[in-house]
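One-letter residues, chain by chain:
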Amino acid sequence: AQKVTQAQTEISVVEKEDVTLDCVYETRDTTYYLFWYKQPPSGELVFLIRRNSFDEQNEISGRYSWNFQKSTSSFNFTITASQVVDSAVYFCALVKGSYIPTFGRGTSLIVHP
Amino acid sequence: DVKVTQSSRYLVKRTGEKVFLECVQDMDHENMFWYRQDPGLGLRLIYFSYDVKMKEKGDIPEGYSVSREKKERFSLILESASTNQTSMYLCASREPGSNTEAFFGQGTRLTVV
Numbered sequence: 018a019q020k021v022t023q024a025q026t027e028i029s030v031v032e033k034e035d036v037t038l039d040c041v042y043e044t045r046d047t048t049y050y051l052f053w054y055k056q057p058p059s060g061e062l063v064f065l066i067r068r069n070s071f072d073e074q075n076e077i078s079g080r081y082s083w084n085f086q087k088s089t090s091s092f093n094f095t096i097t098a099s100q101v102v103d104s105a106v107y108f109c110a111l112v113k114g115s116y117i118p119t120f121g122r123g124t125s126l127i128v129h130p
Numbered sequence: 004d005v006k007v008t009q010s011s012r013y014l015v016k017r018t019g020e021k022v023f024l025e026c027v028q029d030m031d032h033e034n035m036f037w038y039r040q041d042p043g044l045g046l047r048l049i050y051f052s053y054d055v056k057m058k059e060k061g062d063i064p065e066g067y068s069v070s071r072e073k074k075e076r077f078s079l080i081l082e083s084a085s086t087n088q089t090s091m092y093l094c095a096s097r098e099p100g101s102n103t104e105a106f107f108g109q110g111t112r113l114t115v116v
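For the protein sequence lines, the chains are A and B, in the order given.
Just so you know, the first sequence maps onto residues 18 to 130 in my numbering.
Just so you know, the second sequence maps onto residues 4 to 116 in my numbering.
Bound conformation, chain A alone:
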């Protein structure tokens, strides 16, 4: 069975702070994909990034960066200089052979002005 754990239920920061959202996963497969999605208050989950299990290169996209470490089964997401518009629920997900995404419980990020 596969599992995704987002231990942080809610994080509250002040604008311009850096914040890291943790994602730890469990799977016995060697081939899989990891995803991050953002769910703003409007409700629709939006895809942010995917990473396959053979690519441990970190990725940066503007203020967003992702750190994939296979050794610790983690795929953490950092927002640098957070903004109020980053307030949302963020979900980490794992997909392997069954092709059915397994989602974590989500982390609610609140960025205060």
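Treat the hints with care, as some may be off.
[Unchecked claim] When the alpha-carbon atoms are kept at most 30 Å apart in a straight line, the in silico DSSO-like pairs for lysine-lysine are as follows:
#1 74/B - 21/B
#2 55/A - 6/B
#3 16/B - 56/B
#4 20/A - 21/B
#5 55/A - 33/A
#6 6/B - 87/A
#7 16/B - 20/A
#8 21/B - 113/A
#9 55/A - 74/B
#10 16/B - 73/B
#11 60/B - 20/A
#12 16/B - 33/A
#13 56/B - 20/A
#14 87/A - 21/B
#15 87/A - 73/B
#16 33/A - 113/A
#17 58/B - 55/A
#18 73/B - 56/B
#19 113/A - 16/B
#20 113/A - 56/B
[To be verified] Far from chain B, by Cβ distances over 12 Å, these chain A residues were calculated:
#21 59
#22 62
#23 101
No lab work stands behind these hints, which were simulated from the structure alone.
All C-beta atoms in this analysis are idealised placements derived from N, C-alpha and C, irrespective of residue type, glycine included.
Starting from the known structure of chain A, fit chain B onto it as the hints suggest.
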């Protein structure tokens, strides 16, 4: 612009009513999913469909059924609505394969009174 459209944003139904939640996607995706989202529990899979007329139970199928008569439409049916089915319902679609992201609808917030 790719789209997954859910028929209602907000719905209020009475206990015992039969409820239909409709979802339509315009991307010709084979896979479609229904999730419910509750505070602290994240996204839980109710049913999914690999293709037309094909359906599989997810983690919490009790009290629900689905219909997929056409590729673009995936309906979730609450046979006899109960108050514990008050929740946010999210529909998603994606191409088969572990590396493809899911596209989500805006969600239907259902209240059963």
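*Compare the structure with the hints numbered earlier in the document and write down the numbers of the violated ones, lowest to highest.*
4, 6, 7, 8, 12, 14, 15, 16, 19, 21 and 22
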